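2 protein chains.
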Amino acid sequence: MSFYLEIVKTQAKARVGVFHTPHGDIPTPVFAPVGTQATVKAIPPRDLKEIGATLILANTYHLHLRPGDELIRELGGLHEFMRWDGPILTDSGGFQVFSLAEINRIDDQGVTFRSHLDGSKHRLTPESSIRIQENLGADIIMCFDQCSNPTDRDTLATAVTRTSAWAARCREAHSDDSRQALFGIVQGGIYEDLRAESADFLRELDFPGYAIGGLAVGETKAEMYATLDFTIPMLPDDKPRYLMGVGDPDDLVLAVMRGVDIFDCVTPTRLARHGAALTKDGRINMRNLPYAADKNPVDPDCTCYCCQTFTRAYLRHLVKAGEILGAYLLSIHNVHFLLDHMRAIREAILADRLSDYADSFLRRYLKTG
Amino acid sequence: MSFYLEIVKTQAKARVGVFHTPHGDIPTPVFAPVGTQATVKAIPPRDLKEIGATLILANTYHLHLRPGDELIRELGGLHEFMRWDGPILTDSGGFQVFSLAEINRIDDQGVTFRSHLDGSKHRLTPESSIRIQENLGADIIMCFDQCSNPTDRDTLATAVTRTSAWAARCREAHSDDSRQALFGIVQGGIYEDLRAESADFLRELDFPGYAIGGLAVGETKAEMYATLDFTIPMLPDDKPRYLMGVGDPDDLVLAVMRGVDIFDCVTPTRLARHGAALTKDGRINMRNLPYAADKNPVDPDCTCYCCQTFTRAYLRHLVKAGEILGAYLLSIHNVHFLLDHMRAIREAILADRLSDYADSFLRRYLKTG
Chain A
0 MSFYLEIVKT
10 QAKARVGVFH
20 TPHGDIPTPV
30 FAPVGTQATV
40 KAIPPRDLKE
50 IGATLILANT
60 YHLHLRPGDE
70 LIRELGGLHE
80 FMRWDGPILT
90 DSGGFQVFSL
100 AEINRIDDQG
110 VTFRSHLDGS
120 KHRLTPESSI
130 RIQENLGADI
140 IMCFDQCSNP
150 TDRDTLATAV
160 TRTSAWAARC
170 REAHSDDSRQ
180 ALFGIVQGGI
190 YEDLRAESAD
200 FLRELDFPGY
210 AIGGLAVGET
220 KAEMYATLDF
230 TIPMLPDDKP
240 RYLMGVGDPD
250 DLVLAVMRGV
260 DIFDCVTPTR
270 LARHGAALTK
280 DGRINMRNLP
290 YAADKNPVDP
300 DCTCYCCQTF
310 TRAYLRHLVK
320 AGEILGAYLL
330 SIHNVHFLLD
340 HMRAIREAIL
350 ADRLSDYADS
360 FLRRYLKTG
Chain B
0 MSFYLEIVKT
10 QAKARVGVFH
20 TPHGDIPTPV
30 FAPVGTQATV
40 KAIPPRDLKE
50 IGATLILANT
60 YHLHLRPGDE
70 LIRELGGLHE
80 FMRWDGPILT
90 DSGGFQVFSL
100 AEINRIDDQG
110 VTFRSHLDGS
120 KHRLTPESSI
130 RIQENLGADI
140 IMCFDQCSNP
150 TDRDTLATAV
160 TRTSAWAARC
170 REAHSDDSRQ
180 ALFGIVQGGI
190 YEDLRAESAD
200 FLRELDFPGY
210 AIGGLAVGET
220 KAEMYATLDF
230 TIPMLPDDKP
240 RYLMGVGDPD
250 DLVLAVMRGV
260 DIFDCVTPTR
270 LARHGAALTK
280 DGRINMRNLP
290 YAADKNPVDP
300 DCTCYCCQTF
310 TRAYLRHLVK
320 AGEILGAYLL
330 SIHNVHFLLD
340 HMRAIREAIL
350 ADRLSDYADS
360 FLRRYLKTG
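Residue numbers (numbering that gives the first Met the number 0), protein chains in the order written: chain A, 0 to 368; chain B, 0 to 368.
Among the hints, a few may not be true.
Claimed, not checked - Computed list of chain B residues with no C-beta within reach of chain A, every gap over 12 angstroms:
| no. | residue |
| --- | --- |
| 1 | ILE6 |
| 2 | ALA37 |
| 3 | HIS61 |
| 4 | GLY67 |
| 5 | THR111 |
| 6 | ALA172 |
| 7 | LEU204 |
| 8 | ASP247 |
| 9 | ARG282 |
| 10 | GLN307 |
| 11 | HIS316 |
| 12 | ALA343 |
Stated by the list, open to error - Computed, partial: chain A to chain B, Cβ under 8 angstroms:
| no. | residue |
| --- | --- |
| 13 | THR38 |
| 14 | LEU70 |
| 15 | LEU74 |
| 16 | ASP117 |
| 17 | HIS121 |
| 18 | ALA312 |
| 19 | LEU317 |
No wet-lab data here; the hints were simulated from the structure.
Being a predicted model, the structure only gives us computed values, none of them experimental.
Glycine residues also receive a C-beta, built at the ideal position from the N, C-alpha and C atoms.
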């Protein structure tokens with residue numbers, strides 16, 4: 000089997016494992032930095048390796064529009080194109096169509112929309128999403144799904160029905176999971192019955208992995224955690240569980256405790272470009288005056304190039320002066336911070352002390368201690 | 000002596016040497032990438048080392064305004080602040096005051112101007128420029144000079160007189176060259192008698208190095224070369240000669256042949272941020288359609304990380320998508336290109352074949368062959 004999840008250790012609902020893929024092994028739980036346009040923003044691939052990234056995400060919607068998935072296939076696929084030889088995951092384009100494009104029509108066949116780049120008209124269907132993702136050639140690919148407001152029950156019910164039908168068509172369009180593993184996406188917002196309907200349907204299709212979609216898009220954190228509590232037991236134990244679009248440090252540990260294996264999020268790199276840094280004491284805004292003459296690193300506990308080399312005073316100067324180096328250094332730091340957090344989480348599970356780690360991390364990060 | 004130029008080999012007017020400084024030896028002729036705001040734009044210091052930079056420049060005007068030279072002194076000086084442990088050169092602020100700021104008044108004492116950042120009022124004098132540069136702590140510092148249009152003889156004559164008086168005041172204000180070497184700047188535009196007047200005055204002050212200022216700012220290339228032809232013999236043989244603000248690949252080799260030892264220019268990094276790459280076949284615009292599916296590196300002859308790793312097709316995509324990684328990779332490539340060019344020039348002089356190197360380089364680069 001090209002793809003399989005080897006579970007090494009469990010502690011309560013959390014588990015440490017290795018997800019084997021054709022481009023290498025992914026220690027789980029894992030955080031995947033997002034490389035929307037075939038680059039994790041501001042981070043060269045050799046630096047991604049250095050900070051310990053094992054899985055990265057790229058966006059089907061963006062790459063389909065520019066430079067084009069046919070071109071990327073012609074150039075040898077996404078790994079070759081962006082010179083990342085580790086595992087890659089592509090989303091299906093479903094979320095971007097709903098969040099970025101101007102939608103003209105949704106019907107049972109697919110979605111017609113206008114590009115956010117130039118207004119040109121495009122259509123995505125379950126079949127075309129799979130074809131595009133096959134052209135891109137990522138290791139893990141996703142079913143084309145319909146996203147919607149997580150608390151709008153009526154829209155969600157329709158979206159779940161459609162997402163199920165589309166999942167079956169994606170499964171049919173992508174019959175061979177040996178080179179690319181197709182994951183199903185459970186929808187249903189914060190409603191247990193809708194999540195059950197979605198999960199039951201997808202389990203029948205026997206995907207090599209299952210994602211929980213439609214969270215972190217408007218519901219409260221408590222609602223998100225409650226949704227994870229009832230949704231994860233609906234998924235098979237022996238397959239990876241991927242919580243899409245979630246990357247707040249507190250959410251990572253709390254979702255791992257509920258049984259999640261895979262995460263992705265743009266937050267660490269986006270925060271960096273806005274001059275914010277993740278630290279064990281919470282987010283800090285590097286523009287703030289107290290850092291002007293601060294000779295400490297951004298995060299005194301951190302082993303990344305940024306923190307091992309530069310002072311907060313210098314970072315503040317770079318951010319205020321709008322220098323690219325500031326975005327580069329903070330991106331490296333923030334992604335490293337989350338990867339290091341995941342390493343610590345894996346170690347805590349292996350040592351049967353995840354609750355202790357979570358308590359002490361959250362007390363300090365959320366300043367509740 | 001902390002600073003001295005050891006001349007290793009000459010070929011006609013060109014020479015290979017080593018300029019010794021407290022922060023290390025600089026093989027000459029040398030090209031210094033520009034780090035205006037205490038960062039060579041988009042290039043981390045460890046990458047600067049990797050591509051072979053030995054000397055970098057920073058701007059007194061910019062750093063005085065933001066984050067402030069007193070703060071940088073408090074933080075241990077520019078080397079410590081930006082974590083560059085090699086030699087640094089700061090300009091005097093003279094050029095920036097004339098090119099960026101809104102000048103309120105120039106008088107014999109100095110220049111009153113408004114900041115390009117916030118319109119706040121500032122004054123630079125020979126004494127304050129030296130004090131600022133002493134706060135910054137670069138290895139090589141420059142006299143405060145008056146710049147002007149290189150072909151406007153009347154203005155130039157006044158500027159030369161004032162630059163001479165200001166050079167004497169800078170010499171007086173900075174009496175100790177053991178930690179920071181103060182270079183004089185010859186002005187006079189394209190006029191031999193004005194250059195002679197300027198050079199004669201500066202030689203009397205016995206500076207540890209001499210710059211040729213006021214070129215590459217409006218005159219033709221032929222006028223620039225002619226000016227170098229008559230100005231360089233006016234300067235001492237045993238001191239480094241620095242041609243300010245010049246960095247076109249053709250100018251570098253043609254100026255070395257006329258006896259220049261040091262260059263700086265923002266061109267390689269600025270071009271990179273605009274999506275242009277330097278190659279032995281001239282500048283190329285990475286946005287151009289023919290590169291869309293081009294699997295070759297930006298420059299097939301190049302050994303930098305960009306060219307050893309990525310295709311033109313990927314670089315074109317990054318540039319068109321406005322990705323920071325594109326600016327980073329092209330900045331590294333373009334600076335490496337010029338540093339490699341200088342290495343080749345030094346080797347050619349050592350092998351007594353500089354004319355051959357220049358001929359073959361220029362024929363290909365300027366496409367005149």
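Tested hints:
no.	hint	verdict
1	ILE6	holds (36 angstroms)
2	ALA37	violated (7 angstroms)
3	HIS61	violated (8 angstroms)
4	GLY67	violated (9 angstroms)
5	THR111	holds (24 angstroms)
6	ALA172	holds (26 angstroms)
7	LEU204	holds (34 angstroms)
8	ASP247	holds (23 angstroms)
9	ARG282	holds (21 angstroms)
10	GLN307	violated (10 angstroms)
11	HIS316	violated (5 angstroms)
12	ALA343	holds (26 angstroms)
13	THR38	holds (4 angstroms)
14	LEU70	holds (6 angstroms)
15	LEU74	holds (5 angstroms)
16	ASP117	violated (12 angstroms)
17	HIS121	violated (17 angstroms)
18	ALA312	holds (6 angstroms)
19	LEU317	holds (6 angstroms)
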